[in-house]
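Order-wise, the sequence lines are chains A and B. The first sequence maps to residues 0 to 587 in numbering that gives the first Met the number 0. The second sequence maps to residues 0 to 331 in numbering that gives the first Met the number 0.
FYI, nobody ran anything at the bench for these hints, they're computed from the structure. Be careful, since some hints might not be right.
Stated by the list, open to error - Quick list of in silico lysine-lysine cross-link-like pairs, PhoX-like style, CA-CA up to 25 Å:
1) B/Lys-138 / B/Lys-245
2) A/Lys-102 / B/Lys-326
3) A/Lys-103 / B/Lys-326
Unchecked claim - Pair ranges (Cβ atoms, derived):
4) A/Asp-577 / B/Lys-78: 45 to 55 Å
5) B/Ser-81 / A/His-325: 43 to 53 Å
6) B/Pro-226 / A/Arg-556: 57 to 67 Å
Claimed, not checked - Derived list of chain B stretches under chain A, where covered just means 3 residues or more per stretch with a C-beta under 8 Å from a C-beta of chain A:
7) 196 to 203
8) 263 to 270
We put the beta carbon where it would ideally sit given N, CA and C, even for glycine.
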Amino acid sequence: MIKKHYSKASRRALNMIWNAAGRYDLDPPFMAFHSNGRPDDYFNTIIGLTDKWLGLEEISAFFASYTAHPKAEEFDEFLWLGLENHIYERELLERPALPGLRKKRGDEFFLVQQTMSEQQMTMQSMPVYRQQQARWASVTGRHLPLLSPKETRMADALRFSGDLGKDGVLAAMRSFLQEFYNYDPVSDPRVSRPVTGFRAWYRKLTSHSYKQNDILLIRTGSGQGDPANAVALSWEGRKPAAPTERKAEEDARYIHDVFGPPALSEEELRQAESLLCTGNDAGCRLWITAPRQMQAPDTSSEVSGSRSYQNEVSDTRRRMMKQAEHNRRYLQDNRQTVQSSIRKLTSELDVFLASFMKGMPEQSRAGQLLPERAYRIDVLRDPMVFARDGEEKDIRLRVDLLLDASQSRMNSQERIAAEAYVIAKSLHMNHVPVSVTTFRSLRGFTVLEQLKKTADSSCEGILRYYAGGWNRDGLALKCMHYLIKEDRQHPEDLRLLLILTDANPNDSLAGSAFGKNYDGAVAVDDAASAVKALRRDRILTAAVFHGSTSHLENVYRIFGKEYVRVLSFRQFADSVIDLLQKVLQETG
Amino acid sequence: MRIQRCSELRRHERHAQDAWIVEVFMTDILEFLKNEGVSADLLDGVRAFRTEWPAAGSGYAQRVPEPEYHYLGKDVWEKALSALLAGRNLLLCGPKATGKNVLADDLAACFQRPVWNISFHINMDASWLIGTDTYDGNKVSFRPGPVWLCAHEGGFGVLDEVNMARNEALAVMHSTLDHRRMIDVPGYDKIEVHPAARFIGTMNYGYAGTRDLNEALSSRFVILSMPSISDTDLDRLLAERFPSMKEKIRNQFVKLYLEIDKKAQNAEISDRALDLRGLLDALSLMRQGIDAGSALDMCLVNKTFDAYERTLIRDVIDARIPRELSKTEIFT
């Protein structure tokens, strides 16, 4: 349910790469785009084919080896030109359409060149531009530009032969940098070291002239001679740092290291924060992550920072893994109860959903004879004396399961994981798309961690549930509301947000600009207004409550009558089906 | 899955005055199966079945199909023939474009039985299948449904996309499909299912709107899992269907189809564009002189109505087949 990380254009570029590579599990480090957002079909095909012929892992490792160098982006450009020639020659026999695509790419380059202003010309890296000009002139049969002897040697060196193997290509890449830039990534002490502190500041100053060029890596056009239509090979993951205060940066880094990278881009997160983190939630931050594989607890190699910080992150991750094991064992130990709950909920849901979608009987000229109307045939010559089933209502239900994952759930983690598993599995078996997300608040961030995406057929990810942190229910609900509305792929579907909660919102960050704590009545009212907003947008919202009796009033204030209290796992299936019936029947 | 156009098994193409003159010699399907290497015992069984239940006697001889394509695949043929000869009903399961309906029609043609094609949908109910009361102007009478007719006349009932209907609607077929072989129509009569009648279900897991077939129904079928077409089979199909197509180009179309298949398997696009008939139609249009880009747009790309999905499919095509590729470049 969480909006995909990739925009439509990125997804299209990825598809071009995957198609050429012949595999869809590839996470390419490069994608090629025009500056207007249109993917560059030729270069994306070349990137995909690079994986096919050479394997992107080692090539990417080479590109990654010089990221600390001030001219890294210029090097990218040169080396991709070299790779382009190599891949073209290798693929030519298998893909007769390639010369046409290549020529089209060359023509586009010159169309842009014709309309480029002097200012734009000065903004680009001339050595790269000269090499591109030489390459595309030879491809399209134009007059070659006048090149200096060094440029001619560069152009020759960048014509990586199709006969080279992987090692040969890597050697050619290395030798190009050595010969023309006197640079060897292998011996560079800056290799793989993140650029931080003074070095980052210094680099920012010194690389200013090239920074302006960073979207002009490979120039092309829209075919209309649009000068703004430049193309960039974007290096995934090389993102500018946001100008934030040190503490906020530390917090963000901690959240990133513990929960993984966000599923939304930085820009999308900021947009969501500007919309949602207002009023009671002013100053809060959001962090939304997609399902991920359980990572190894030893993070010392991937997490930078002091030893104690590394240990802290590593420790947290280890606890997460341990809890996943506990959840799995709980499921195993109670497999009979779990299986029977799944069976029960599945069959009851099946019957309920079928009857829910079934239309009312209607009179017709054929069907089952209605004896009380039979007289109408003779008396009134009315043939409408039969009944047939009404048209089935085309209602597609999608369920989003939101689990409170705050510290207060510490003592029932295994049970919550098992309950979520039962609900998700039963819905999935009835072909109802379901996603599962947890929420908690930590260091001012409200973290929504997705355990199961709608598209996932497996529910195993739910077992990664663990409790820890605070819970800012209002903001979490607002965030889910935002994400559901952003999911424009299925606007007509009936949405149900089901929350497993103890109805006790509580956060360390203040609940208003006046410094009131986010707990008690303030927090409950905040959550209640978020639920109201959800319902106003026709998103059905209901809660499965297993908290203490003292919070019963809270759950009523937040969710109204649309909640069910579960006291034991055995009555869980019955309670949930009752709740679903109650909520769905109210929709009519 | 391997489909071959049987009307072109002995096809001679001559190019005269810009027109394709085609001579077609129909072959008996049993001859074709013999050439495919299908067991002689099974073919003898089919011949005995045909002798015992001649189509001419059914009153619905015009419903015996004359399929345009033949399913290629000895293993699948042998399994299907064995099941039907043993009196079992058959459920053909597999993703789109695996030849389920082609095989179902071929089987009816092979046994020379009339076919009732019943497309299942969500609003299907028992009366739709078996029959319903209606008023004919004089009295309330029973209007038989396709299952009733098929069972009565000894036809082959093709239950297309059987898992699109609700399981409750299908419960009425239990006695028809199992050892009882009968249909009891409340208020009317009980009929015995004709000994030559067979039911062939087709289904595709994972389509939007599909359901799991319940155990009661699936246990009444012999289930045959249909394999996806391989590159070799697709190449063979195209070579037989378009003998004048250049090998190098044919190879590109095979790869194009498999690339679209892979994209659909990875859920990047729906399988609307994964349409083998569409690819064959596109090549037919190209043979008529339409450029490759337009033909593929009409027969594959436009099968999907989502603009973004169309873009993705077009990207796959553009990376493989030049849009302006002409008839003379494709065919000799």
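Here is what the structure says about each hint:
1. B/Lys-138 / B/Lys-245: 65 Å, violated
2. A/Lys-102 / B/Lys-326: 22 Å, holds
3. A/Lys-103 / B/Lys-326: 22 Å, holds
4. A/Asp-577 / B/Lys-78: 45 to 55 Å: The hinted range 45 to 55 Å holds for A/Asp-577 and B/Lys-78, with Cβ atoms some 47 Å apart.
5. B/Ser-81 / A/His-325: 43 to 53 Å: Once the Cβ atoms are compared, 51 Å apart, the range 43 to 53 Å for A/His-325 and B/Ser-81 holds.
6. B/Pro-226 / A/Arg-556: 57 to 67 Å: 58 Å, holds
7. 196 to 203: Per the Cβ count (0), the hint is violated.
8. 263 to 270: holds (count 3)
Going through the hint list in order, the structure does not satisfy hints 1 and 7.
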